[in-house]
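Spelled out from the first residue to the last, the chains are:
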Amino acid sequence: MDMIKYTLTRLGYMIVTLWIIVTATFFLMHSLPGTPLQNEEKLPPLIRDQIMETYGLNDPLPVQYMNFLGRLVQGDLGKSLTYDGRSVTEMLLEGFQASSFIGMQALVFGVVVGLFLGVAAALRHGGLLDNIATIVAVAGVSIPSFVMAGLLSYWVGVKWQLLPTALWGTYEHTILPSLSLSFFVIAQMSRYIRTEMVEVLDQDYMKTAKAKGLGRQAIIFRHALRNALIPAVTVLGPLAVNIITGSLVVETIFAIPGIGEFFVQSIQVNDYTLIMGVTIFYAVLILVTIFVVDILYGIIDPRIRLAGARE
Amino acid sequence: MSEKNMKSLTPEMFEFVGMNESAGEEMARERVGFWKDAVRRFRTNWGAMIGLFIILIIGFFAFAGPLMNGYDYESQNIAIQNMEPFEDHYFGTDSFGRDLWQRTWNGAQVSLQIAFLAALFDLLIGVTVGSVSGYFGGRVDMVLQRIVEILYSIPNLIIIILMLLIFEPGIIPIALALSITGWVPMARVVRAQILKLKSQEYVLAARTLGAGHRHILTRHLIPNVMGPIIIAVTFAIPSAIFFEAFLSFIGLGIRPPLASLGSLVFDGSKFLQIYPYQLFYPATVLCLIMLAFNLLGDGLRDALDPRMRK
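Top line first, the protein sequences correspond to chains A and B. According to my numbering, the first sequence is numbered sequentially starting from 89. According to my numbering, the second sequence is numbered sequentially starting from 16.
Treat the hints as calculated values from the structure; they're not laboratory data. In this text, a Cβ means the ideal position worked out from N, Cα and C, and glycines have one as well. A hint or two may mislead.
Calculated lysine-lysine pairs in the DSS-like style (CA-CA distance at most 30 Å, straight line) [claimed, not checked]:
(1) K211/B to K51/B
(2) K51/B to K213/B
(3) K93/A to K211/B
(4) K285/B to K247/A
Coverage of chain B stretches by chain A, computed from C-beta distances (three or more under 8 Å per stretch; other residues unrestricted) [claimed, not checked]:
(5) 286 to 294
(6) 301 to 310
With these hints in hand, go ahead and build the complete structure from the sequences.
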């Protein structure tokens, strides 16, 4: 019952937040200097007017806003102003294929590697592996993904000629972008898992497990890791958000036809509808990710029922 | 002491001293207060000391570096485009023939300024909102917490980008845009601490003695939250540097000819395959700053908040 109430409250907040984002984006965007028209000075006034009329840019702002909201509710994000009238929804879905593949791959890879590194570090508390994990954790947080992307594409791509440095097509093209995004995930994940594991290994129930005569593997995986994993789930949300944010830039570096590229371009050419579309898309993506992780957390850990999880 | 020695002791050798009442109250050693203890813990943390050391060195170069060779960050010289380090162009030149040593340290200066300003704004807004919200509670807290909750759930990147679309990008606007969402974690930390502290006896004592709310907040509560505040500020700095670099990447950061570390990394990554040194120098400085502040933050957390230590 609490669970349902909590979920509904959170959903309510999400919608309010989204509405605020949409409204703020809309009005801020229209206060940008310049118009979305290219070569504005050369356009004859008549054609100019016609274009403005077609896209509804001559209406007063509140009218444009209401029209936009009306279409948005129906899932229509309008047509791009610069990509020859292509539908923004269609463009986003197309770009999302590349973006989501790279992002998911980075997340999965990062979580798996981070998990192993964290567990290994905790088991060899104070040993060589532990020190390596600590260095990875600090370095991973300090080296931004776009610097990683540069380093990887220079060494792996240019110097050693192992993998393609840019563009999109085969699976090889996805490796470097995913790797550069996953470094941060590895760092955070291993750090959390290590801290939790060290704490869990110290608990009385670990002694009980040992006293029962359980094997080392059973103790580590059944008892220690499962308890250590629970708090680690909370970082998944921020980590996913970090990947989504990072992919904006990493996509630009590797020239991947993802959403990040549309976003950077749309800002530079004042493509109103595309800016709106990408912003809303990112906002929804991030909000939903955090929401799902929070709910997951409540389901996974029976000790923390959601009321407590909020603080 | 052997049996024989014991026998040679005579009662005359002893003298009656009696009990000194005050001796038990005297401090045998110098008092070790919270801050002193923290400094001691901080000093033995090699990571934090390395961090502090790197920050000092980079800080020194960011301000003194530009004085070390006779160039400036914006003069272009077509004769020496894209030159690897030579003579007193210690970091080489970029595609406009501008001296990279100058640009890198100027950029570091700009990035640090933005980061410190953003951290300062975070501090001012976060501490004010957090302490007021935690101390007064009730309806004030209700309203402030709803605002915090909404701001917390809006992806900060989106707000930052929107703010920069309207402001002319410069040091202060970027710092302001960063702190629009940046103060939220600070406010949460401070509020949680104040909630915990406000029911302590010393607050009651101060109230009884007639102290006003303002006095209690600024003289009793906030000084006791200083530890977590310092930690939050330290972590706010690398995060601001990261976001500033990020903004430069999507073309919303510092405008040329002025440079920041982020814009230099971005420029460098364009010619990475031919002139890798143009990326490596600014990228190294950027990573070192981030690393140093992260190390420092970890060290401060261990020193100021021993309970969090793991």
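Now the hints, each set against the structure:
1. K211/B to K51/B: 24 Å, holds
2. K51/B to K213/B: Holds: K51/B and K213/B sit about 25 Å apart, inside 30 Å.
3. K93/A to K211/B: 28 Å, holds
4. K285/B to K247/A: Given that 30 Å is the threshold and the Cα spacing comes to 16 Å, the pair holds.
5. 286 to 294: holds (count 4)
6. 301 to 310: With 6 residues in contact (Cβ-Cβ under 8 Å with chain A), the coverage given for the region 301 to 310 of chain B holds.
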